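> So the chains spell out like this:
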Amino acid sequence: MARLAQGDREALTPLVERHYTRLYRIALGYLRQRDDALDVVQEAFVKAFQAAGRWDGSADAGPWLSRITVNLSIDRWRRNRRRGQTFSPLAEGDHLEVLADTGPSPDRGVFRREASDRLSVALQELPERQRAVVVLRHYQELSLEEIASTLGMSLGTVKSSLHRALHRMRATLAGGAS
Amino acid sequence: MIFAHLRLRRRVGLLAAGLLAGREQDDVRTHLATCARCRAEHDAEAEALRPVVAALASDPLRSAEPPVPASVLAARVAREVAGAQLSVGRKRFWLVALPAAAALVATAIALPPVVKRFRPAPVAARVTIPPAEASALLEEDALARIERNLAREQAARYLNEAGEVLVSVAATGVDCDRKDDRLDVGEAPERSRELLEKRRLVVDEGGDAVASARGVLDDVELALRQVAELPSCVKRRDVELVQKDVEARQLLMRIRLMTRELEG
Chain A
1 MARLAQGDRE ALTPLVERHY TRLYRIALGY LRQRDDALDV VQEAFVKAFQ
51 AAGRWDGSAD AGPWLSRITV NLSIDRWRRN RRRGQTFSPL AEGDHLEVLA
101 DTGPSPDRGV FRREASDRLS VALQELPERQ RAVVVLRHYQ ELSLEEIAST
151 LGMSLGTVKS SLHRALHRMR ATLAGGAS
Chain B
1 MIFAHLRLRR RVGLLAAGLL AGREQDDVRT HLATCARCRA EHDAEAEALR
51 PVVAALASDP LRSAEPPVPA SVLAARVARE VAGAQLSVGR KRFWLVALPA
101 AAALVATAIA LPPVVKRFRP APVAARVTIP PAEASALLEE DALARIERNL
151 AREQAARYLN EAGEVLVSVA ATGVDCDRKD DRLDVGEAPE RSRELLEKRR
201 LVVDEGGDAV ASARGVLDDV ELALRQVAEL PSCVKRRDVE LVQKDVEARQ
251 LLMRIRLMTR ELEG
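Here the protein sequences line up with chains A and B, keeping their order. All residue numbers for the first sequence refer to my numbering, where the first residue is 1 and numbers rise by one. All residue numbers for the second sequence refer to my numbering, where the first residue is 1 and numbers rise by one.
Hints were generated in silico from the structure; no laboratory data involved. If you're wondering where the values come from, they're calculated on a predicted model, not measured in any experiment. Hints may be right or wrong, so weigh each one.
Claimed, not checked - Label-pair restraints from in silico Cβ distances:
| id | chain 1 | residue 1 | chain 2 | residue 2 | range |
| --- | --- | --- | --- | --- | --- |
| 1 | B | E80 | A | G84 | 25 to 33 Å |
| 2 | A | E145 | B | R50 | 23 to 31 Å |
| 3 | B | A171 | A | G152 | 20 to 28 Å |
| 4 | B | E194 | A | G84 | 33 to 41 Å |
| 5 | B | R9 | A | R79 | 21 to 29 Å |
| 6 | B | R79 | A | R54 | 17 to 25 Å |
| 7 | A | R83 | B | A40 | 46 to 54 Å |
| 8 | B | A54 | A | E10 | 20 to 28 Å |
| 9 | B | Q250 | A | Q50 | 30 to 38 Å |
| 10 | A | G84 | B | T34 | 49 to 57 Å |
| 11 | A | R54 | B | E80 | 12 to 20 Å |
| 12 | A | R54 | B | G215 | 33 to 41 Å |
| 13 | A | R81 | B | G18 | 26 to 34 Å |
| 14 | A | R79 | B | Q243 | 23 to 31 Å |
To be verified - Computed footprint of chain B on chain A; a stretch qualifies when at least three of its residues, placed anywhere within it, have a C-beta under 8 Å from a C-beta of chain B:
| id | stretch |
| --- | --- |
| 15 | 116-122 |
| 16 | 135-149 |
| 17 | 152-165 |
Glycine included, C-beta positions come from ideal geometry on N, C-alpha and C.
Work the whole structure out from these sequences, hints included.
This is the structure in structure tokens:
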């Protein structure tokens, strides 16, 4: 980060290598769209480069990058909503790709795909920040304290947001299943 | 005893959702051992949330791999950064060059008749500036003035937009969550973030031309940073904090006055 702050573009590669997959999973968990998630991560690194001069260097860049990614995901989500594009079931290729490693049977693949689509709908029903909390907790397995620091929220707010979000998702998933 | 029960009962749900740790968790667990009703509530809630947690845990997107390698993304980012720097440079060049060229053409057309009209009768011994040097001085002067005016206009536009964002937050009265007493501040946080991105250009590139606005620009930046951190559905007291801060600094009035000054 210190090298980035001096405008050294060579420093981008190690930073991207270190945080890329993690940030991609945050954006994908939030947006549920592969192309959008990739765009968001790319934009996050561009912003990080442009803002590196203002980074105080006192802490790990990870939470800072996560925060940028969450904010950009929220912005992208709003923009999509304004254009009438929100969640759509993931394309066939997206599922096949993530399922390829475990090699499930076709039936199991279809089942998991449907489950993932239902989950997408349940996440869509959540308010923006609640969804971010769920993604950081269940897709990144961050501690509650880390989530609070990443999103700039109090610990109590993180707990209550997550609690409400799980109940809301339960209602949506139960409604969809019936 | 009853108060302790009521206090701990509120946390039973959090324990069932796996959101307690350390001493908090121990306290509630100890209480559950002695309170059958709370224990039943805890078990029911844990049972209800289990499918949600299981669905999240088995979502294949948790282990999704990015579609392009890190090296490709790094190259794209580097290209975008270089492109952005270039386009800012180009944009700035044309912002100055186009009006400057127009001004020079206008000067070339309009100046000779005017100069001719007001030119005093030639005096043989008079020291005159050679025409080429006069034209260079004029160009330099005109360019400096145009650049200064552009910087001030840009700063005025920035302050105007920032004022609109702060007013939209301060004047909001739309509830988005009545139960929690939360207000909807719409796109104000997103707009604040966009404005903060622009700020650097306004202040750094403005230089001396916007020096008189520096105090207002700094206070506006602080206020925008506060708004940028807000979610779109925000607690009333957080909105009130922003309102108080804006009022204490008399920010809206200062923005209005400074905008007028910058616009001339």
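> CB of E80(B) to CB of G84(A), is that within 25 to 33 Å?
27 Å, holds
> Is it true that R79(B) and R54(A) lie within 17 to 25 Å of each other by Cβ?
Since R79(B) and R54(A) have Cβ atoms about 23 Å apart, the given range 17 to 25 Å holds.
> Given the hint of 26 to 34 Å, check if R81(A) and G18(B) actually sit that far apart at their C-beta atoms.
31 Å, holds
> Tell me if chain B covers the stretch 152-165 of chain A under the three-residue, 8 Å CB rule, please?
Result for this restraint: holds, n = 4.
> Lying within 20 to 28 Å: is that true of the beta-carbon distance A54(B) to E10(A)?
44 Å, violated
> When you take the CB atoms of R83(A) and A40(B), is the distance between them in 46 to 54 Å?
At roughly 48 Å between Cβ atoms, A40(B) and R83(A) fall inside 46 to 54 Å, so the hint holds.
> Quick check: does the Cβ-Cβ distance between R54(A) and E80(B) fall within 12 to 20 Å?
With a Cβ separation near 19 Å, R54(A) and E80(B) satisfy 12 to 20 Å, so the hint holds.
> The stretch 135-149 of chain A covered by chain B? Criterion: 3 or more residues, Cβ-Cβ distance below 8 Å.
That given contact holds, which follows from 3 residues of the stretch 135-149 of chain A lying within Cβ reach (below 8 Å) of chain B.
> Taking the CB of R9(B) and the CB of R79(A), does the distance hold inside 21 to 29 Å?
Since the Cβ atoms of R9(B) and R79(A) sit about 43 Å apart, the hinted range of 21 to 29 Å is violated.
> Looking only at beta-carbon atoms, does the pair G84(A), T34(B) fall within the given range of 49 to 57 Å?
With Cβ atoms ~54 Å apart, the hint holds.
> So does E194(B) sit 33 to 41 Å from G84(A), Cβ to Cβ?
22 Å, violated
> Between R79(A) and Q243(B), does the beta-carbon spacing fit 23 to 31 Å?
Hint holds: Cβ distance 28 Å, inside 23 to 31 Å.
Checked against the numbered hints given earlier, the structure breaks hints 4, 5, 8, 12 and satisfies all the rest.
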